[in-house]
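Visitor: Each chain is listed here by its residues.
2 protein chains.
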Amino acid sequence: MPHKRLFIPGPTEVRVENLAALARPQIGHRSGEFRALYASVIPKLRRLLGTEGKVFLFTSSSTGVWEAAIRNCVRERVLCCMQGAFSDRWFKVAEANGKQADPLKVEWGQAITAEMIDAELATGGYDAITVVHNETSTGVMNHLDEIAAVMKKYPDVSFLVDAVSSMAGTKIDIDELGIDVCLAGLQKAFSLPAGLAVASVSDRALQKAATIENRGYYFDLVEIAKYDAKGMTPSTPAIPQIQALDAQLDDIFEEGLEARYERHAFLAGIVRGWARRHFALFAAEGYESPTITCVENTRGVSIADLNDELAGQWAMISNGYGVLKEKTFRIAHMGDTQEWEIRGLLATIDRILGLDG
Amino acid sequence: MPHKRLFIPGPTEVRVENLAALARPQIGHRSGEFRALYASVIPKLRRLLGTEGKVFLFTSSSTGVWEAAIRNCVRERVLCCMQGAFSDRWFKVAEANGKQADPLKVEWGQAITAEMIDAELATGGYDAITVVHNETSTGVMNHLDEIAAVMKKYPDVSFLVDAVSSMAGTKIDIDELGIDVCLAGLQKAFSLPAGLAVASVSDRALQKAATIENRGYYFDLVEIAKYDAKGMTPSTPAIPQIQALDAQLDDIFEEGLEARYERHAFLAGIVRGWARRHFALFAAEGYESPTITCVENTRGVSIADLNDELAGQWAMISNGYGVLKEKTFRIAHMGDTQEWEIRGLLATIDRILGLDG
Numbered sequence: 257m258p259h260k261r262l263f264i265p266g267p268t269e270v271r272v273e274n275l276a277a278l279a280r281p282q283i284g285h286r287s288g289e290f291r292a293l294y295a296s297v298i299p300k301l302r303r304l305l306g307t308e309g310k311v312f313l314f315t316s317s318s319t320g321v322w323e324a325a326i327r328n329c330v331r332e333r334v335l336c337c338m339q340g341a342f343s344d345r346w347f348k349v350a351e352a353n354g355k356q357a358d359p360l361k362v363e364w365g366q367a368i369t370a371e372m373i374d375a376e377l378a379t380g381g382y383d384a385i386t387v388v389h390n391e392t393s394t395g396v397m398n399h400l401d402e403i404a405a406v407m408k409k410y411p412d413v414s415f416l417v418d419a420v421s422s423m424a425g426t427k428i429d430i431d432e433l434g435i436d437v438c439l440a441g442l443q444k445a446f447s448l449p450a451g452l453a454v455a456s457v458s459d460r461a462l463q464k465a466a467t468i469e470n471r472g473y474y475f476d477l478v479e480i481a482k483y484d485a486k487g488m489t490p491s492t493p494a495i496p497q498i499q500a501l502d503a504q505l506d507d508i509f510e511e512g513l514e515a516r517y518e519r520h521a522f523l524a525g526i527v528r529g530w531a532r533r534h535f536a537l538f539a540a541e542g543y544e545s546p547t548i549t550c551v552e553n554t555r556g557v558s559i560a561d562l563n564d565e566l567a568g569q570w571a572m573i574s575n576g577y578g579v580l581k582e583k584t585f586r587i588a589h590m591g592d593t594q595e596w597e598i599r600g601l602l603a604t605i606d607r608i609l610g611l612d613g
Numbered sequence: 257m258p259h260k261r262l263f264i265p266g267p268t269e270v271r272v273e274n275l276a277a278l279a280r281p282q283i284g285h286r287s288g289e290f291r292a293l294y295a296s297v298i299p300k301l302r303r304l305l306g307t308e309g310k311v312f313l314f315t316s317s318s319t320g321v322w323e324a325a326i327r328n329c330v331r332e333r334v335l336c337c338m339q340g341a342f343s344d345r346w347f348k349v350a351e352a353n354g355k356q357a358d359p360l361k362v363e364w365g366q367a368i369t370a371e372m373i374d375a376e377l378a379t380g381g382y383d384a385i386t387v388v389h390n391e392t393s394t395g396v397m398n399h400l401d402e403i404a405a406v407m408k409k410y411p412d413v414s415f416l417v418d419a420v421s422s423m424a425g426t427k428i429d430i431d432e433l434g435i436d437v438c439l440a441g442l443q444k445a446f447s448l449p450a451g452l453a454v455a456s457v458s459d460r461a462l463q464k465a466a467t468i469e470n471r472g473y474y475f476d477l478v479e480i481a482k483y484d485a486k487g488m489t490p491s492t493p494a495i496p497q498i499q500a501l502d503a504q505l506d507d508i509f510e511e512g513l514e515a516r517y518e519r520h521a522f523l524a525g526i527v528r529g530w531a532r533r534h535f536a537l538f539a540a541e542g543y544e545s546p547t548i549t550c551v552e553n554t555r556g557v558s559i560a561d562l563n564d565e566l567a568g569q570w571a572m573i574s575n576g577y578g579v580l581k582e583k584t585f586r587i588a589h590m591g592d593t594q595e596w597e598i599r600g601l602l603a604t605i606d607r608i609l610g611l612d613g
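First to last, the sequence lines map onto chains B and G. Quick note on our numbering: the first sequence kicks off at 257 and runs consecutively. Quick note on our numbering: the second sequence kicks off at 257 and runs consecutively.
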């Protein structure tokens with residue numbers, strides 16, 4: 257069966273040029289060719305993320321970097337902001353690694369605000385906080401700038417941010433925001449295949465990590481930093497994904513970061529307008545994500561049937577996540593997605609469901 | 257510059273058909289397409305490994321699966337067989353994860369024998385052992401069948417085996433050998449790109465894991481088994497590498513497992529004969545690897561210069577690892593490597609070094 261064009265919030269669609277970059281011949285991970293590749297990719301990631309600090313590559317999903325952030329940057333007690341499937345799971349990862357983790361929980365669809373965080377951190381006792389910037393299961397984007405402003409009051413609390421479905425889709429200025437670890441996988445707004453994750457790591461985080469016990473080896477930031485200084489990774493990385501990332505970053509800069517972020521906001525506006533007209537938005541007002549829209553299924557249509565119809569046209573959207581299945585559906589408008597694709601998708605859904613265009 | 261044909265012991269050369277499989281369009285990791293892919297790959301891996309038990313996919317390098325084996329299968333104290341750079345590092349991983357790890361150490365180039373293991377385990381106190389089947393840094397392959405026979409005396413000791421550079425290059429019959437965890441990355445004898453590792457996991461290992469604290473999340477075998485039962489992975493895996501693996505396993509079975517292993521032994525024989533004629537073998541007699549030959553540089557030639565000459569012909573061998581640099585060099589004859597490639601390489605080295613053919 258022909259490939260279905262992915263409008264799901266990850267993995268996202270990958271352009272054929274980037275698939276070709278993925279398929280370049282292999283190179284030794286201790287060779288000059290690899291060091292040249294590494295030396296090409298890292299500064300581009302720094303530029304994308306607005307940081308003079310370290311950016312590391314992880315051969316793992318983003319879940320692995322959650323574990324890295326927890327094992328390296330939580331000494332004893334971490335506050336976990338929870339507002340959907342993925343932020344909830346980061347809490348679970350913290351507990352699974354033996355850390356004392358407390359939930360700061362809101363209903364799915366709601367945002368975590370700077371005020372809530374301030375109130376919790378003011379009680380003292382936390383040495384780290386986990387925040388999911390853009391909750392992929394609910395289409396909620398927290399106001400990271402406001403949260404970052406509050407975090408400046410707590411310089412001893414490691415500021416750990418999951419930007420899995422926002423990085424490369426909206427501006428995140430790491431150094432200005434003062435984020436200690438900011439992580440993402442490639443299969444979301446980068447529009448690249450899964451298998452590699454990236455994270456910025458502040459000097460403060462690295463210094464803290466060096467004093468923390470039981471960091472393990474695979475995700476040990478101190479070990480990764482040691483190899484990074486030599487322009488390499490500690491073990492054999494996902495070389496194909498790094499080659500594709502190198503190519504895609506060039507294309508991202510050619511489009512221009514501002515233009516890319518504006519395109520995301522523009523496409524989000526189109527989808528939100530459509531969703532409000534025919535359904536409702538699941539995300540709290542003012543916190544709607546620029547990369548993914550979660551639509552409340554107020555009409556009670558069968559999302560499974562709708563997706564079957566779309567499959568016949570070699571396209572695919574996403575049902576609601578977990579408990580939100582059939583109660584919501586999700587359309588991703590991130591990565592390399594263009595206006596004509598989104599307009600075409602929505603008009604086709606209109607036709608399938610018999611909605612006024 | 258054109259790609260250099262890799263005769264290094266990983267990453268190994270990948271055929272263009274498998275690069276094409278790597279570059280297939282992306283699919284959702286919770287979709288029917290993915291479950292079909294998973295349902296295709298896992299039984300093929302079971303067949304390759306001679307096991308009715310579980311085989312899991314890990315989006316990580318093999319180093320990550322070392323960590324998985326340690327965190328899930330070592331309750332308190334592990335005996336680590338050490339005989340080269342990689343087996344030594346597994347010991348380091350055990351310690352980094354807070355386990356009590358004791359070395360069973362031989363000189364680089366020597367083998368770990370069943371007798372040595374028996375003597376150590378007889379002292380009691382160990383609940384797990386790590387064995388590297390084929391030490392990539394020295395070209396030594398331990399006699400896994402003899403070790404496995406001894407391990408049957410110790411059913412309560414988890415038998416953890418790194419088959420990184422032997423799996424798919426020589427026969428490993430997991431169920432017959434009674435191995436609890438047997439792991440490998442794709443970028444060695446599978447002749448596939450790096451970014452995915454595979455491991456067999458026995459029911460006994462899974463049951464033990466369920467009783468062990470602080471397993472973390474990303475490498476938690478119990479969590480991975482839960483998703484495996486649904487034909488999926490807990491987080492987004494390296495889908496491109498799984499697609500390439502699916503294609504390559506078909507080709508491996510088409511060649512035939514016995515034929516593949518015989519080809520490896522035959523090529524190893526050619527390289528060993530050449531090495532004995534002009535240099536010497538680094539591996540102890542009787543323990544020479546069928547996938548990689550480590551040659552003692554008895555002539556004191558410059559390996560760096562030799563590799564520069566080969567680079568001019570778009571080919572690459574490997575210098576000695578770490579302390580063995582320039583004292584040894586390594587030629588990999590694993591994966592999809594053919595006789596004409598090995599004969600051509602050796603004859604060209606003869607010409608460059610002025611050796612009698």
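No lab work stands behind these hints: they were computed from the structure. Keep in mind it's a predicted model, so treat the numbers as computed, not measured. A portion of the hints provided could be inaccurate.
One copy or any two copies: either way a pair holds, since identical chains are not told apart in the list.
[As the list claims (entries may be wrong)] Under the rule of at most 30 Å between Cα atoms (straight-line distance), these lysine-lysine pairs were calculated in the BS3-like manner:
1) 583 to 300
2) 409 to 583
3) 581 to 486
4) 300 to 348
5) 355 to 583
6) 348 to 464
7) 482 to 361
8) 361 to 486
9) 427 to 361
10) 348 to 486
11) 355 to 464
12) 300 to 355
13) 482 to 581
14) 482 to 355
15) 486 to 409
16) 583 to 408
17) 482 to 583
18) 427 to 300
19) 409 to 348
20) 408 to 486
21) 300 to 581
22) 310 to 583
23) 408 to 361
Visitor: All the hints need checking, so say for each whether the structure fits it.
Guide: Evaluated hints:
Taking the closest pair of Cα atoms, residue 583 and residue 300 never come within 30 Å of each other, the shortest separation being 40 Å inside a single copy and 38 Å across copies. Neither within a single protomer nor between protomers do residue 409 and residue 583 lie at most 30 Å apart by alpha-carbon distance, with minima of 39 Å and 56 Å respectively. Taking the shortest alpha-carbon separations for residue 581 and residue 486, only the inter-copy value of 17 Å comes in at or below 30 Å, while the best intra-copy value is 47 Å. In the homo-oligomer, the alpha carbons of residue 300 and residue 348 never lie at most 30 Å apart, since the shortest distance is 33 Å inside one protomer and 33 Å across protomers.
Taking identical chains as interchangeable, the C-alpha atoms of residue 355 and residue 583 are never at most 30 Å apart, the minima being 34 Å within one chain and 46 Å between chains. Both within a single protomer and between protomers do residue 348 and residue 464 lie at most 30 Å apart by alpha-carbon distance, with minima of 22 Å and 21 Å respectively. Only between protomers do residue 482 and residue 361 lie at most 30 Å apart by alpha-carbon distance; the minimum there is 26 Å, versus 37 Å within a single protomer. Within a single copy, residue 361 and residue 486 get their C-alpha atoms only as close as 42 Å, which misses the 30 Å cut-off; across copies the closest is 29 Å, which meets it.
For the homomeric pair residue 427 and residue 361, the shortest alpha-carbon distance inside one copy (25 Å) is at most 30 Å, but the shortest distance between copies (52 Å) is not. Taking the shortest Cα distances, residue 348 and residue 486 sit within 30 Å of each other only across copies (20 Å), while inside one copy they are farther apart (34 Å). For the homomeric pair residue 355 and residue 464, the shortest alpha-carbon distances inside one copy (15 Å) and between copies (22 Å) are both at most 30 Å. In this assembly of identical chains, the alpha carbons of residue 300 and residue 355 never lie at most 30 Å apart, being 34 Å within a copy and 39 Å across copies at closest.
Taking CA atoms no more than 30 Å apart as the test, residue 482 paired with residue 581 passes between copies only; the shortest distance there is 20 Å, against 44 Å inside one copy. In this assembly of identical chains, the alpha carbons of residue 482 and residue 355 lie at most 30 Å apart whether taken from the same copy (26 Å) or from different copies (23 Å). In this assembly of identical chains, the alpha carbons of residue 486 and residue 409 never lie at most 30 Å apart, being 35 Å within a copy and 45 Å across copies at closest. Within a single copy, residue 583 and residue 408 get their C-alpha atoms no closer than 38 Å, and across copies no closer than 54 Å, so neither meets the 30 Å cut-off.
Only between protomers do residue 482 and residue 583 lie at most 30 Å apart by alpha-carbon distance; the minimum there is 25 Å, versus 48 Å within a single protomer. When the C-alpha separation of residue 427 and residue 300 is checked against a cutoff of 30 Å, the pair qualifies only within one copy, where the shortest distance is 15 Å, while the shortest distance between copies is 44 Å. Taking the shortest Cα distances, residue 409 and residue 348 sit within 30 Å of each other inside one copy (27 Å), while across copies they are farther apart (38 Å). In the homo-oligomer, the alpha carbons of residue 408 and residue 486 never lie at most 30 Å apart, since the shortest distance is 32 Å inside one protomer and 44 Å across protomers.
With identical chains, the CA atoms of residue 300 and residue 581 are never at most 30 Å apart, being 38 Å at best within one copy and 33 Å at best between copies. In the homo-oligomer, the alpha carbons of residue 310 and residue 583 never lie at most 30 Å apart, since the shortest distance is 41 Å inside one protomer and 35 Å across protomers. Taking CA atoms no more than 30 Å apart as the test, residue 408 paired with residue 361 passes inside one copy only; the shortest distance there is 22 Å, against 50 Å between copies.
Checked against the numbered hints listed earlier, the structure breaks hints 1, 2, 4, 5, 12, 15, 16, 20, 21, 22; every other hint is satisfied.
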